[in-house]
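Novice: Please build the complex by placing chain B on the supplied structure of chain A, with the hints as guidance.
Same order as they appear, the protein sequences are chains A and B.
Just so you know, we're using our numbering here: the first sequence kicks off at 553 and counts up by one.
Just so you know, we're using our numbering here: the second sequence kicks off at 553 and counts up by one.
Heads up, some of the hints might be wrong.
It does not matter which identical chain is used: a pair holds within one copy or between any two.
Straight-line alpha carbon distances no greater than 30 Å define the calculated DSS-like cross-link-like pairs of lysine-lysine that follow [stated by the list, open to error]: (1) 1059 <-> 578; (2) 1060 <-> 684; (3) 698 <-> 726; (4) 995 <-> 685; (5) 1075 <-> 588; (6) 567 <-> 1055; (7) 1055 <-> 578; (8) 1055 <-> 962; (9) 1059 <-> 995; (10) 1055 <-> 961; (11) 557 <-> 780; (12) 557 <-> 572; (13) 588 <-> 780; (14) 567 <-> 1002; (15) 695 <-> 792; (16) 685 <-> 792; (17) 995 <-> 1055; (18) 961 <-> 1075; (19) 784 <-> 995; (20) 865 <-> 630; (21) 859 <-> 780.
Quick caveat, the hints were computed from the structure, so don't treat them as lab data.
Only a predicted model underlies this, so the values are computations on that prediction, with no experimental measurement involved.
Number of protein chains: 2
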Amino acid sequence: MIEWKNFDKLNSFKKLQGLKNQVELKTAMAGANGAKRVAEYSVHMSNGMVYNFASKQVDDTVLDALAELAEETQLTEKFAALFNGEVINTGEKRLVLHQLTRGQLGSDVVADGVNKREFYVEQQNRIAEFAKKVHAGEIANEKGEKFTTVVQIGIGGSDLGPRAMYLALENWAKVTGTFKMEARFISNVDPDDAASVLAGVDVAHSIFILVSKSGTTLETLTNESFVKDALKNAGLDASKHMIAVTSDASPLAKSSDYLDAFFMDDYIGGRYSSTSSVGGAVLSLAFGPDVFARFLNGAAAEDALAKNTDIRKNPAMLDALIGVYERNILGYESTAVLPYSQALSRFPAHLQQLDMESNGKSVNRFGEAVDYVTGPVIFGEPGTNGQHSFYQLLHQGTNIIPLQFVGFKKSQMATDVVIEDSTSQQKLKANVAAQIMAFACGKDEDNRNKYFEGNRPSSIIVGEQLTPETLGALLAHFENKVMFQGFVWNLNSFDQEGVQLGKVLAKKVLSGDTSDALAAYAKLLDI
Amino acid sequence: MIEWKNFDKLNSFKKLQGLKNQVELKTAMAGANGAKRVAEYSVHMSNGMVYNFASKQVDDTVLDALAELAEETQLTEKFAALFNGEVINTGEKRLVLHQLTRGQLGSDVVADGVNKREFYVEQQNRIAEFAKKVHAGEIANEKGEKFTTVVQIGIGGSDLGPRAMYLALENWAKVTGTFKMEARFISNVDPDDAASVLAGVDVAHSIFILVSKSGTTLETLTNESFVKDALKNAGLDASKHMIAVTSDASPLAKSSDYLDAFFMDDYIGGRYSSTSSVGGAVLSLAFGPDVFARFLNGAAAEDALAKNTDIRKNPAMLDALIGVYERNILGYESTAVLPYSQALSRFPAHLQQLDMESNGKSVNRFGEAVDYVTGPVIFGEPGTNGQHSFYQLLHQGTNIIPLQFVGFKKSQMATDVVIEDSTSQQKLKANVAAQIMAFACGKDEDNRNKYFEGNRPSSIIVGEQLTPETLGALLAHFENKVMFQGFVWNLNSFDQEGVQLGKVLAKKVLSGDTSDALAAYAKLLDI
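Chain A extracted, bound-state conformation:
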């Protein structure tokens, strides 16, 4: 029997409150004990990756209390309820099925009379067939010439995740020969976004993907119109250059305006949709369906680990619990995501949406105000770049920001140079190792300006190489982390009511239905 309780009503919460100053990281990470922690505080992920939390402010006592929290808050049972098809998104009365796009973790899920795993696989297969035909030139432009570029039109979850995934694999695909088509993205309602992308592509050889679950997203429909104008101006038939990704109930689903339509449904939130048709269409076109399938397999393997009840065998759950400890017990307000991989340049922006839109809430799943803080601010940039930028504050600022590093043993492109007896990849890795220790242990120094307090916690995920599999695993790890944190905080992590009010007011402005300050702002902006 699952019980949904507020975090501050739990016995384990009270226990954790007594463990606030349990670990002085600076001491814990010094000497032989530090090496022991690095060896022991490491959890296997899938695909040869590890989650290492040696430099977090935890010890066995805290970990035991977090395990109690996991048990008391029934994380395993709640995850099972989710993947077995219960209505976990209570606000919108919806199932939450994004894991089902990459594998089946429990019993068959039937909704609206359809086996949903079969539905998602069917869409993947349809996309795969379509992509193969495009790559073979069987689906081509009106002159019978192959499409060379794919342009995704979408915003929010239809943009950030797929874009981050594309960038993550673009160079890898070029080197491995799986690269098929360039991808571009149009998202912002700022007319300069669409105009700029369209000016930079060869529209006659471009295929456009319109992504909108409802088929009514204003930004996306506006940008579609931009694209149609560009195609028309080039003397082309827009309906021969566009496909749709939408729900099968949307007005776009059966429109003759598109070459074809691929489906998602209401059980996959935008920010969780990279492994659905939303990511599937663009990634299959860009890299081929086999690469997309490998990406899904990577995610599926990581999802399977999230079922483990032992937190030492469940990296997402452990990561989630440590995050809660940092947020609610240690009182940290932000978390920085710092991948040491240029290919992950937009991965932090995707996680920013994933996390902040899921858990940036003040009411529990019953719509009651909670008395504790919830989701943190998430930000980040790739290292080593960030080291020459905002790391100053991370090291010596007045607030402590927990850090989430990601690193890979091998680069993607295998082109490297040796300078001062080391390769760039070695330098990259040496920097992340050095940063972890600098943050944890700091440096004593009489000159306070050069003094580093230390005690700044971080974890690191290490993989062999950024590939479709490890990327899928990384994505699933963070999706599951956010889900577990939502369970602990007793939130509905799958709706987003906070985005509605702005939409309503924007419509008022556009229809001239304004007064007072809103009218004054409209005037200021010369709308």
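Specialist: The following block gives chain B in isolation, referenced to the frame of chain A:
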């Protein structure tokens, strides 16, 4: 006589502490009073822009107290000391002269026997001559063909600022016909960064700018080697494809490895260097020296306003003071920068460095620990994209995040579509107006899930259009804001000792000089 005092020792600080719950924004912005605030709480910037702070949690009482703070902390005098050439960067015993690259605000500044304004202008003129020759084909590749692409090799301040400025003006320049050359940027020591950029450019027609003040930045020299290899592999003479931007004392200054070298000096910090040769070379090559000159003029006009003692006539100072009130009195830890302009996509990343590296410090300018919080976490993405992402937390999360909006009346490219009776630019502007009001006033609703608490403060900077002038003014505004906040917090905003420890430890890893936890991390990463 200037006195450098800690913030918490000031009378005005104590006064401000008594004004913590002075303004209920939700009430203040409702009805006619809200419209009045929008009209009155607006300060002229240069170049036709305004800084509007109607939706900040301030009123005339708070503003009076902030004016007292400005006076007590001698902001005007300290700025004058800075631009007149005093040693404001006390830690490194350096002058702080970035404003002097765009105009002279006070008396002649002579350092190292050189009139520094003349020195900066001389470099600008040398760059302008060089760029004109490149554009005219007088400086060309070995076959006498014109260079078409410029690639900046730099990291931190040599990357983020120039890159953000380039992206901000790229489309504008294309539309106005001032576009001269594509620009690309190599920054990360991750070998995939250089390999990817080099794979995407035509090296035979590329000119590379090596940017390193000291001439010793490891990432940058490593990436230079990457570039030299690529040029060599293409059968080209690297010295005919590279220029250097460095200090005149650096080993690069007179090297025959470069076509030419342009100079900056120790009085311009990396994060303040976009208006120096660091931004000057790449922006003059990309857009022509006239555009760069206009950018400098925009900044100069904004700098001039920063001299005003009246905070109602000094937008940077007012913005700074309100930020301090939010940080130290209201207790907010982060600030989001939200430009409603896709062209400003990397402007938040630049401000993140500018602000967090300048004021993310725990010691005052005398090296004594301070007892108050200093620089906030800065993050942001362009709107409307962010609305479909992390705005959920901004609206309904458990912490309040002050917001800094930027908007323009006109788009850059003047290509637009009308959908539902409005252009995209109108929709873009309607959204930012709507968001400000949604954040300020919220929405009452019995269903707590759809309830918006409001009372979430924001300001907006509005300009006619994003042009070289307004971009320069925006940049100067934020540079000066950060400077004034540093003065209030009694920090040295111009050094960055917090980046040193990581460098030292990374060298140890690379030389194998590790033990204990650092050795264990090196092993984990297979270095």
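Novice: Indicate, hint by hint, whether the structure satisfies it.
Specialist: Against the structure, the hints:
{"no.": "1", "hint": "1059 <-> 578", "in the structure": "between (53 Å within a copy, 21 Å between copies)"}
{"no.": "2", "hint": "1060 <-> 684", "in the structure": "neither (45 Å within a copy, 50 Å between copies)"}
{"no.": "3", "hint": "698 <-> 726", "in the structure": "both (19 Å within a copy, 29 Å between copies)"}
{"no.": "4", "hint": "995 <-> 685", "in the structure": "neither (60 Å within a copy, 50 Å between copies)"}
{"no.": "5", "hint": "1075 <-> 588", "in the structure": "between (63 Å within a copy, 13 Å between copies)"}
{"no.": "6", "hint": "567 <-> 1055", "in the structure": "neither (43 Å within a copy, 40 Å between copies)"}
{"no.": "7", "hint": "1055 <-> 578", "in the structure": "between (48 Å within a copy, 19 Å between copies)"}
{"no.": "8", "hint": "1055 <-> 962", "in the structure": "between (45 Å within a copy, 21 Å between copies)"}
{"no.": "9", "hint": "1059 <-> 995", "in the structure": "between (55 Å within a copy, 16 Å between copies)"}
{"no.": "10", "hint": "1055 <-> 961", "in the structure": "between (45 Å within a copy, 20 Å between copies)"}
{"no.": "11", "hint": "557 <-> 780", "in the structure": "neither (50 Å within a copy, 62 Å between copies)"}
{"no.": "12", "hint": "557 <-> 572", "in the structure": "within (22 Å within a copy, 34 Å between copies)"}
{"no.": "13", "hint": "588 <-> 780", "in the structure": "neither (61 Å within a copy, 43 Å between copies)"}
{"no.": "14", "hint": "567 <-> 1002", "in the structure": "neither (38 Å within a copy, 33 Å between copies)"}
{"no.": "15", "hint": "695 <-> 792", "in the structure": "within (11 Å within a copy, 44 Å between copies)"}
{"no.": "16", "hint": "685 <-> 792", "in the structure": "within (14 Å within a copy, 46 Å between copies)"}
{"no.": "17", "hint": "995 <-> 1055", "in the structure": "between (50 Å within a copy, 13 Å between copies)"}
{"no.": "18", "hint": "961 <-> 1075", "in the structure": "between (55 Å within a copy, 10 Å between copies)"}
{"no.": "19", "hint": "784 <-> 995", "in the structure": "neither (64 Å within a copy, 43 Å between copies)"}
{"no.": "20", "hint": "865 <-> 630", "in the structure": "within (17 Å within a copy, 57 Å between copies)"}
{"no.": "21", "hint": "859 <-> 780", "in the structure": "neither (46 Å within a copy, 50 Å between copies)"}
In summary, the numbered hints that this structure violates are 2, 4, 6, 11, 13, 14, 19 and 21.
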